[in-house]
Amino acid sequence: MAELGFAGGGRTASDTAVAGPAETPLVALIGPPNSGKTTLFNQLTGLRQKVANYPGVTVEKKVGKVALPNGAEVDLVDLPGVHGFSARTLDERVTRDVLEGRVEGIRAPDALVLIVDSTRLEAQLMLVEPVLDLKLPTLLVLNMCDELEARGGRVDDGPLEERWGVKVVRTSASAGIGIEAVRDFLTGVGVAVLSAPQPERTVSNVPGGVALPMVAAFTARRVRVREVVQKAGYQQPSPSKLSERLDHVFLHRLWGPLVFSVVVLLVFKSIFAWAVPVMDGVDFLVGASGDWLAASLPDTWFRSLLVDGVWAGVGSVVIFLPQILILFLFLGILEDSGYMARAAVIADRMMYRVGLQGRAFLPLLSGYACAVPAILAARTVSDERDRLATIFVTPFMTCSARLPVYALLIAAFIPAEPLLGPILDMQVATLLGLYGLGIVAAIGTAFLLKRTLLKAEPTSFLMELPPYRIPSLRSIALRLLDRSHIFLRRVGKVIFTVAIVLWTLTQFPRTDLGAPHIEESALARMGHVIEPVIEPLGFNWKIGVGLVTSLAAREVIVGTLGTIYGIEKADEEPLQLQDAIKRDLSPGAAVGLLIFFAFALQCMSTVAVMRRETAGWKWPALQFAYMLLLAYVGAFIAYRIF
Amino acid sequence: MRQVVELVSIDLPADQAEPLFERGILPGCRICPIRRSPSGDPIVEIDGALLALRKETAECLCVRLINQFQDAD
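Read top to bottom, the protein sequences are chains A and B.
Just so we're aligned, residue 1 is where the first sequence starts under the working numbering, counting upward by one.
Just so we're aligned, residue 1 is where the second sequence starts under the working numbering, counting upward by one.
What the hints contain is simulated information worked out from the structure, not anything from laboratory work.
Even for Gly, the Cβ is constructed at its ideal location relative to N, Cα and C.
Listed next, the stretches of chain B that the computed footprint assigns to chain A, with coverage defined by at least 3 CB atoms under 8 Å from CB atoms of chain A:
(1) 18 to 32
(2) 39 to 45
(3) 48 to 55
Just need the whole structure built from these sequences, with the hints factored in.
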């Protein structure tokens, strides 16, 4: 059977560090998705968690420390939720590689905790056999026991323990029941892990390792599992009545899409409505503290570095947090309550037509506020290729940073003449047209991607609809903390670096008075340098400088143009800037500039997030080039037409 | 009134069928269709789990009607 490593090629077990007596024991938490694995993980580790990426891939590695009653500790790794160990999905490959001890940076686990949803015992226990094959001390956790009993189900632990030779523990992770028993098991692991030599391990998805046709092999496994489960007197709980009644509405032909639209609108509205005041607050705080700093330091380059460089740089990172937190709060509530799965089902057909998935709908939609949290949210898309396609397409959603640019150019160049009665005038029509352009570009790109680079065999779509549950705010809060931490650490670094670099470019060449005037700075030079390239689009060097500075963030161009045209406080006195631009740009070039901004990826923050979420520079670079090309061609055509 | 059907065979290539097998959707298992999504995708109950299948996938499942039972309402 083919050994599959990561992108870097296969590794043998001897390459990785295996348990030594002095190290903390490592226990792996494994189970299907929706089994309450993460809730159990959170209960055991609390805030002592670290999230990173497995090397070279976008799967997250979550390791935490569990404090044990005897004062010792074990490391607990929360493996991705899987149904098996096939080579088909990234999650399953990574899980298998971790269990086999073939991943750099994490040693082979010393013990396993297999957690399943006891209300669906038979199906979920399909994992038992491959897990037991590893011959490690294993604990079988039957989670959601409270639900099992509440809905009239039951099971005896004894036969399960006997047949498989594992300890069985019942828990209700969300209610905190049974956690102590799990801790006892972990204590036992800590004690037992001595210098026992670790045998080489392989995990096989197909039962028995014999070359049976897959159906037969799986069926045989299913029969064995059923036998044990029946011996344990398992009684399937009756379906949740509440879930059925809710589904009757939420998946109704008429009410379903209606509720869906309302939910979507709500999420969207709150990102805008709630985030904006908080963001303004952050802006104000950063600005005010920056001013205070500037006032208390002498006017040197160091002060400029601190205030205009570092402080502004920090501000440009922190400003994203409110949107990220609000979006993830909503997504967390929707996901944990069970509604998200239904929403994905409703959106799926529409998304499938363009080559994406139902689960991508909400993340994509939040791109209308800002692509940065939207790309982070694309994690909910289970298929790796679909996720990449979603990420690639997100920047085409007309984000809020484009609006100041659109507003300036539309006000300056498009007359406010009515087009369709009193409601629709030319200005509004142009704005809507730009939004539409974004959607068209997104759909076209998704289509193109799925046919070329991300082409894959159609997967048989299967969405599990978990029963509706009351979301645990504690669990959601922990995830929010995680996300912000990751964002600040990984993405924040890049955004900050870019801000400093840009600041540096405005500081040279030095004149007798210190920093040069913006027009003489190295940054402006770059505008001159690219002028011949943008001339066919009707742009001059001033626009060129604006394009260069707006690489950091789109709306920066408004301030930059204000400075270049010698207008103070351009955002508060729009008319002056509008007049100035009108004299400098032809209408055709203005439309071209609008289209340029609709298509081009002028947002280093987005690039930074993409790099993190795609674990490399390849995709963001490709994205940048593709969008730049589209923008150039679009602007070119517009200039010639108008 | 709900129908229960039995899965006879899955008309899909191995790599597309594997995710179904892993979830216990195997020939011989009982499937209870519950409803259709607004866009027509079937939503079924298998072994206590509620699953939504794309129309295209569902079309590849050959089933056999076995009996009918009342809704426990």
